[in-house]
Amino acid sequence: MSDDNDIQTADPDKVFEEYKNSWYDVSTAYWAKQEKTVDGMLGGFQSLTGFDTLSSRELIEKYQNLPRKSKLPKLPNGRIADCGAGIGRVSHFVLADFFQKIDLIDPVEGFLEEAKKTLAKDDVEIRTFTAGIQNWTPDCEYDAYWVQWAIMYLTDVDAINFLKRCKEHLNKNGYIFIKDNISSSDLKKRKEEATFYVEDRGICRVFSHYLSLFKEAGLKTVEVVKQEHWPDDLIPLYTFVLQ
Numbered sequence: 364m365s366d367d368n369d370i371q372t373a374d375p376d377k378v379f380e381e382y383k384n385s386w387y388d389v390s391t392a393y394w395a396k397q398e399k400t401v402d403g404m405l406g407g408f409q410s411l412t413g414f415d416t417l418s419s420r421e422l423i424e425k426y427q428n429l430p431r432k433s434k435l436p437k438l439p440n441g442r443i444a445d446c447g448a449g450i451g452r453v454s455h456f457v458l459a460d461f462f463q464k465i466d467l468i469d470p471v472e473g474f475l476e477e478a479k480k481t482l483a484k485d486d487v488e489i490r491t492f493t494a495g496i497q498n499w500t501p502d503c504e505y506d507a508y509w510v511q512w513a514i515m516y517l518t519d520v521d522a523i524n525f526l527k528r529c530k531e532h533l534n535k536n537g538y539i540f541i542k543d544n545i546s547s548s549d550l551k552k553r554k555e556e557a558t559f560y561v562e563d564r565g566i567c568r569v570f571s572h573y574l575s576l577f578k579e580a581g582l583k584t585v586e587v588v589k590q591e592h593w594p595d596d597l598i599p600l601y602t603f604v605l606q
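Take 364 as the starting number for the sequence shown in the working numbering and just add one per residue.
Hints in this document: simulated from the structure, not taken from any laboratory. Since we're looking at a predicted model, the values are computed, not measured. It cannot be assumed that every hint is accurate.
Straight-line Cα separation of at most 30 Å, BS3-like style, residue types lysine-lysine; simulated pairs [claimed, not checked]:
(1) K399 x K464
(2) K527 x K425
(3) K589 x K377
(4) K589 x K527
(5) K484 x K377
(6) K551 x K479
(7) K551 x K432
(8) K437 x K552
(9) K425 x K583
(10) K464 x K425
(11) K377 x K535
(12) K464 x K535
Given the sequences, and given the hints that come with them, work out the whole structure.
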């Protein structure tokens with residue numbers, strides 16, 4: 364690990380072991396103190412939401428309009444789970460235009476109450492679940508899962524188990540979208556070179572580590588998309604499309 368008190372280069376296994384007794388309590392408490400605004404959800408980087416949501420919209424639209432010759436199934440537009448939904452930023456700006464029903468999962472009840480107010484303006488049916496995704500089990504079949512900036516708050520064991528549960532409750536033509544930061548633009552970085560944020564217990568894994576988690580959960584990586592128009596001084600953002 365580096366000497367920086369807030370951001371460290373770390374081995375995930377050692378970090379999870381060191382902080383195992385407080386891992387989720389600290390991250391939930393941190394987020395519960397944030398403002399119920401887009402800026403609060405993005406850690407002061409509200410200006411990035413345009414590029415972020417546009418790329419997400421384009422990706423979903425692509426999978427809902429695949430050409431007939433495609434070997435991949437067309438993404439249905441029924442029900443999606445927004446995992447780590449916060450105040451419903453992604454649900455409102457992205458998902459509500461592509462799905463009929465959205466289930467929002469987040470451990471901070473105040474965020475979900477704010478999401479209800481926002482999504483009341485949208486033509487979409489919603490349900491909310493106050494829970495961390497590490498403890499949440501789907502109660503129905505979903506056409507898709509959107510998991511943005513949420514896997515980074517799970518230990519490896521919990522991430523794998525969460526993904527397994529998602530797969531068990533996934534429409535045969537459905538997809539799981541994981542959008543998260545990668546520790547480095549160098550895709551050959553070793554697992555031990557993750558970026559760890561002490562304050563909120565967020566860990567940005569290296570590229571290969573994400574792929575290994577997906578494989579262990581029994582999922583196939585269909586596509587990997589790097590976020591364009593992303594500031595060079597921020598660590599890269601990728602979306603993994605899984606089945």
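Checklist entry - For which of the previously enumerated hints does the structure constitute a violation, in increasing order of number? => result As far as the earlier hints go, 5, 6, 7, 8, 11 are violated by this structure, in ascending order.
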